[in-house]
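> Put chain Y on the given structure of chain L with help from the hints.
Protein sequences, first through last, are from chains L and Y. Sequential numbering from 1 applies to the first sequence in our numbering. Sequential numbering from 1001 applies to the second sequence in our numbering.
Any given hint could be a false lead.
[Said to hold, decoys possible] Below are the DSS-like pairs computed for lysine-lysine, each with C-alpha atoms no more than 25 angstroms apart in a straight line:
hint	chain 1	residue 1	chain 2	residue 2
1	Y	Lys-1101	Y	Lys-1164
2	L	Lys-57	L	Lys-85
3	L	Lys-65	Y	Lys-1034
4	Y	Lys-1045	L	Lys-65
No lab work stands behind these hints: they were computed from the structure.
Residues per chain are reported as follows:
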Amino acid sequence: MENIHIEGSHTNFFIPTVDFNSETGYCLLEGESFLEDTIEFYDPLIQWLEEFTTEVKNPLTFEIKLTYFNTSTSRSILDLLNIIKDYEEDGGEVLINWYYDEDDIDMEEDIEDYMLDTGLEIEMIPFED
Amino acid sequence: MSATKSVFTRLTGKNIVMSYTGPFDGQVLSMFGKNIEHSISADKKLNKTIFKVFIELAQNVSYYSNEQEQTKKGESSGVGTFIIQNNDDHYNFILGNPIDKKHEIILKDKCDKINSYDRDGLRTFKRELRKLPQGERGTGNIGLVQAALLSRNPLNVSFIEIEKEKSFYIIAVKINKEA
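With the rest of the complex left out, here is chain Y:
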């Protein structure tokens, strides 16, 4: 994943306050989660929002990245990369992982649908998804919906072609400093 990581870093390489590339197993999620929650900024409420967005989106990498790595416990965990940028009036949380190219359109459609809703629409959509049984196909959407609700900003999605059948999926969420 090093070639795509360098593209990713070049695209996003300014004002980075935290970054990571590797497997997104529970231990990693928890470690970065705690760091974000307690120390990314002096604003506790803002830290909590970034932490919540991180957990929802990072779990999707863990489940859906098409590059999987065995953890020490022998479990499989998705590989990806994330950065957090500190800009003047907002933080950017940017996360990427390799996917099958055929999934590009599905992911783009999901995010377009989420971006088309106002806050009430998003809340209704989240309630519909929450009623689906755990693990049912498509329920991963709920994490994306939650990220949009928490950030109060649209989800920005892009793709970088890695090879014929493989893309690097990037999702960026802006989190305003002033709520």
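Same shape as in the complex, but just chain L:
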């Protein structure tokens, strides 16, 4: 299974940095996410995660360090988290860390709402901007 690496950029749209590693089970989503075609960008990540959780089945550490994502992206994040929830229910070992600016109340609420929607335990890690 191949790894995914996408270097984030801030040109016409805001592309997040992606590092999905199948050997270590470490997945990172970082930066800002506002994309020309959200589905086109996130579909390969969703497929990768489905393959990892159904075939590789190693412990998974999923880290989110997004400082901004639009509501279109928020749907794709929910899709990713739902796959992780299914994996956890099937006995997969899962750790989710979500880093956020300690002053960003909206982001804090978003993470809480994702926990409500998915039933996942998300480690909320505030940082100082």
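Same frame as chain L, now just chain Y:
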């Protein structure tokens, strides 16, 4: 759209710090987004909030304006106009685009519904909308809900008649300087 733009400007013409009229394609959204995020005020947190509101509402113009323009890449993009006003204790983000007159009632109902919720209600409503598949009818609402959540103020909606079957839809969001 020049006649409606002049009405729009006359209604809103004070304390303007940024304005634009034209197609709301990705490049435009990104360019203004970056400007707002980095330079609209000295308050980084406030800039970020205005930027987030801008992206959510401007995307709706791109998708739903009934006046469409071809971009250089041959894609169709909605035409509209926006201004940002700097007032004593708040910024006003005001955005407008032409719509079919029959959509007035739908938009007004959406905004009335959003304005009827408290913060917890809005969060619940957003979660419901987020669960809908991408692109499903009505999912554009989520951007309006997000604008209300971010601004912590009601959405103000009004319409100017352009012609018999066409209106100019205006949505204004107040963003307080002191959170």
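> What's the verdict on L:Lys-65 and Y:Lys-1034, does the C-alpha distance respect the 25 angstroms limit or exceed it?
It holds: about 19 angstroms lies between the C-alpha atoms, which stays within 25 angstroms.
> Holds or violated: are the alpha carbons of L:Lys-57 and L:Lys-85 at most 25 angstroms from each other?
holds, 13 angstroms
> For a C-alpha distance cap of 25 angstroms, please report whether Y:Lys-1101 and Y:Lys-1164 respect it.
Holds, because 8 angstroms separates the two Cα atoms, which is no more than 25 angstroms.
> Does the structure keep Y:Lys-1045 and L:Lys-65 at a Cα separation of 25 angstroms or less?
holds, 17 angstroms
The structure is consistent with each of the numbered hints, conforming to all of them.
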